[in-house]
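Protein chains in written order, with my numbering: chain A, 1 to 386; chain B, 1 to 300; chain C, 1 to 235.
Read the hints as simulated data drawn from the structure, not as lab findings.
All C-beta atoms, glycine included, are put in the ideal place defined by N, C-alpha and C.
Hints may contain errors.
Listed next, with one range per pair, are the computed distances between beta-carbon atoms [to be verified]:
1. Ala161(B) to Gly137(C): 30 to 36 Å
2. His187(A) to Gly218(B): 48 to 54 Å
3. Leu154(A) to Ile18(C): 36 to 42 Å
The following residues of chain B were derived to be distant from chain C, with all beta-carbon distances above 10 Å [unchecked claim]:
4. Val124
5. Ile171
6. Gly187
7. Ser279
Chain by chain, the residues:
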Amino acid sequence: MSSVLGSDQPAAERHEAGTRRALARLGGRLAGAGPAGTPRRGGGRTGVIVTGCVLVILAVLPLATLQIPWILPGPVDVLNSAGTLEVLGLCFVFAGVAVGFDLLIGYTGLLSFGQVLYFATGVYVLDAALSVWHWALLPAAALTMAVGGVLAVLLGSISLKARGIAFAMVTLAFAQAGYYLIEDNPHGLTGGDSGLVMSTSRLPGMLVGVASTRSLYWLTLAFLVAAYGITWLVTESVTGQVFLAIRESERRTEVLGLRPFPFKLASFAISSLIATAGGMVYLLLVGTAAPEAVASTTVTVSILVMVVLGGLGTRWGAVVGAIVYVYLQQYLLKIAAEPSFSALPAPVRVPLSQPDFLLGAIFIAFILFAPGGIAGLARKRRPAKT
Amino acid sequence: MSTFVAITISGLALGSVYFLIASGLSLIYGLMDVLNFAHGIFLTLGAYAGFELASRLPIAAHAAGFLLTAAVAAACGAVIAAMTELVLIRPLYGRPVSQILVTIGLDLALVGLLLGIYGSNARVITVPAWLTGVTSLGSERIPNGDFVALGTGVAVLAALAWFLRQTRYGIIIRAGAENRDMVRALGINVGRAFTLVFTIGGAAAGLAGLLNSVVFNGGLVDPSQGDQLLIFAFIVVVIGGLGSLAGSAIAAVLVGLVQVYVSFYAGASAGLAQLGNVSVVLVLAIVLLARPGGLLGRTA
Amino acid sequence: MTGADTLAIEAAGLRADIGGSHILQGVDLQVPVGGVTALLGRNGVGKTTTLRALLGLQPASGTIRVLGHDVAGWPVHRIVRLGIGYVPEDRDVFTRLTVRENLRLAETGRQARYEQVYDLFPELRQRSGQLAGTLSGGQQQMLAIGRVLLHERPLLLVDEPTKGLAPLYVSEVIDALERIAASCTVLLVEQNVHVVRKLARQVVVLDHGSVVHSGPVGELTEDDVRRLLGVSGPA
């Protein structure tokens with residue numbers, strides 16, 4: 001589009017032997033370039049220790065009856081209260097979905113606005129299987145993942161025919177079509193606008209009833225760990241290097257003798273499957289499926305905000321971003337419901353009553369001043385070790 | 001088929017509203033490579049501005065008053081759009097992904113604010129009585145609002161075409177869509193053109209928001225209407241080809257007609273109410289499979 | 001400033017990176033006022049990048065003085081408004097605009113010298129309503145040059161104007177440049193040594209991102225040409 005430089009890039013590196021080295025060089029050039037960096041290598045040891053500690057704390061949290069005033073999101077100020085555990089569970093579900101989304105947008109550079117479709121698939125197919133056809137949990141879950149996978153491959157193949165912005169729009173359109181289909185309540189499978197309550201008749205005992213809060217909490221944590229683990233494995237493999245290379249330049253990836261399409265589709269499918277699994281866990285946690293909460297573009301925007309807030313292309317950034325986002329949102333809703341809240345003057349009360357406003361404002365602030373997200377800020381804090 | 005003409009005019013009117021939104025999106029994208037998600041909020045704010053004015057001025061119930069309401073809606077959209085460009089988009093120059101993301105953030109924040117101020121219950125815009133009436137055309141009864149929407153769409157199309165062809169800034173915008181750097185290298189401050197396309201887009205969007213509320217929504221205005229419309233506008237822009245004004249016009253008509261025809265002729269049966277909307281997505285998929293750049297899109 | 005500078009362009013320590021490659025590695029350039037200064041060098045040494053850096057189109061570090069002003073960090077349009085005309089390597093005419101519209105864009109508000117441009121390039125007058133994208137390479141080159149001539153500009157940056165042109169157009173372009181250079185300063189990037197010898201007063205040779213030779217054109221020997229450019233005679 002703009003005038004050609006006339007000077008050639010040093011051609012030497014194109015002829016490097018060895019796909020992996022060339023890929024690593026291509027992907028490795030991203031270190032420090034733009035808002036997302038590459039997977040940390042040198043800082044790995046500290047990262048592992050910190051992650052391990054955090055995981056242990058989170059795992060034993062349901063056993064802790066600490067009383068903590070003010071900051072807990074549930075109605076009761078006890079650390080392992082049902083309210084707190086449910087909110088944390090929600091955080092973990094979205095954190096897992098966000099990490100999967102980061103794989104697609106942060107690592108492979110594919111801006112998709114339609115991942116919510118696969119999340120909704122996870123929620124609604126499982127719900128229909130359990131509540132309308134009364135299947136047992138495992139077969140229902142298997143069916144859901146299968147449907148999610150087939151849908152992802154099918155729609156992904158079509159969507160990927162378009163490049164860049166057009167791709168984003170197509171994914172958005174498909175997700176919106178899904179929303180409309182759900183609203184239509186075909187054959188009574190989705191409950192339409194009013195949603196579909198999950199039937200617990202065939203669920204294992206530990207997931208039902210009062211005692212289920214802890215089991216569900218651990219389930220969501222397990223999902224998060226699995227989603228993160230899968231993402232980590234993929235991004236650290238050769239495939240992950242190809243994703244990074246595609247993100248930097250598809251043309252140069254082709255020069256290296258690789259066809260980008262199967263890799264893009266793979267990234268899309270993995271990300272979508274993680275979202276589907278997240279949808280299933282969400283349903284088990286929340287107990288109902290409603291189109292507005294699960295299939296609308298609001299959810300797409302939320303997940304996008306989570307990942308960017310945390311830091312694109314950093315994996316753990318997506319997790320942190322999601323937890324912060326969901327926690328803040330739930331916390332603000334709790335505050336807004338308190339009786340003393342309505343006593344606040346209108347200019348303060350109105351913006352605070354809408355989590356979206358605050359979250360949107362924070363998001364804008366980050367984009368303007370801290371485009372690397374929370375992960376980017378954390379990176380600046382420590383001296384750079386290559 | 002006695003209702004065919006009425007349905008067609010309805011589809012064209014809907015297409016006109018889509019065009020009003022899509023034209024701004026297309027111009028902005030063509031010149032700046034920015035996909036402006038905040039367009040939805042320009043729409044909604046325009047409609048609310050119209051609402052606020054109409055609820056305060058008794059003149060709004062007359063034809064002249066409606067023109068004023070429309071002018072205010074357009075002006076509100078224009079001002080918000082200009083401010084968005086100056087405050088949020090310009091500092092992010094050179095970072096197109098961040099620019100897109102910031103418009104998403106703005107949309108999120110402002111819809112939330114509107115929900116806080118107005119609640120999710122819709123308000124009603126006061127309009128002249130004839131606007132909600134119908135005109136008989138042979139055996140068919142056509143809502144007057146359809147004519148207004150259609151007329152506005154055609155007028156804006158003509159105005160934009162004239163502007164792009166005949167005025168200096170129109171030529172700058174067309175040239176900049178092709179090669180921004182060369183425009184700068186001719187000593188022209190492209191930044192002013194950026195603000196200008198945002199302003200134009202905002203004005204058209206504000207107008208579209210008002211028209212949508214008044215003509216297609218029974219005068220109701222609520223905070224989430226912008227986002228719903230925006231998705232269709234995006235589909236129109238992609239079908240027509242990103243950056244092509246003519247493409248947007250053609251695609252807008254196509255989408256409007258498809259939506260209305262399918263809804264009416266096939267969607268009457270239960271469980272298929274949304275078929276019209278779904279079929280639009282199908283059209284998008286088909287067009288993209290055949291022509292990845294859209295109908296009239298520039299290649300890459 | 002304190003009296004007229006004798007240098008139209010004075011750049012020191014120009015460094016520029018593109019995609020991780022160090023294209024310009026400390027270019028020191030002096031272009032005297034008046035006549036043609038040629039910038040020579042093989043493909044890829046950074047000639048075009050130098051021009052773009054002077055205009056602000058390419059981010060670069062170092063000091064840049066153009067027409068008596070320190071322009072480092074200025075926006076492009078402000079630099080150009082000091083009185084610079086740019087004829088890029090690929091011409092960069094706007095293909096979806098007509099010839100007339102292309103020229104109109106180059107107007108700066110004062111009296112535009114359409115007659116002079118059309119006299120110099122009669123084909124442009126004939127084709128003024130034609131879309132620039134349908135012009136031949138040579139005609140596009142004439143348009144690219146024509147538009148910087150609409151107004152008197154003290155400095156022209158011209159990048160390989162004869163590249164890829166049929167011989168008939170080459171001589172037309174050379175004649176045009178000769179006439180133009182009589183009344184302003186031209187920094188001409190060229191690979192065709194024959195053209196350079198005909199037009200230029202001063203020669204600057206770039207290699208690997210820095211200046212390796214600078215002096216009057218008369219002092220440039222065939223040996224120099226072979227050594228510095230790796231070719232002898234016309235490209």
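Taking the hints in turn, this is what the structure says about them:
Between Ala161(B) and Gly137(C) the Cβ separation comes to about 31 Å, which falls inside the hinted range of 30 to 36 Å. Hint check: His187(A) to Gly218(B), Cβ distance near 31 Å, so the stated range 48 to 54 Å is violated. The given range of 36 to 42 Å is respected by Leu154(A) and Ile18(C), whose C-beta atoms sit roughly 41 Å from each other. The claim that Val124(B) lies off the interface holds: its Cβ sits roughly 45 Å from the closest Cβ of chain C, which is beyond the 10 Å cut-off.
The beta carbon of Ile171(B) is not kept farther than 10 Å from every beta carbon of chain C, the shortest such distance being approximately 5 Å. The claim that Gly187(B) lies off the interface is violated: its Cβ sits roughly 4 Å from the closest Cβ of chain C, which falls inside the 10 Å cut-off. A cut-off of 10 Å between C-beta atoms confirms that Ser279(B) is not in contact with chain C; the least separation is 33 Å.
The structure is inconsistent with the numbered hints 2, 5, 6, although it conforms to all the rest.
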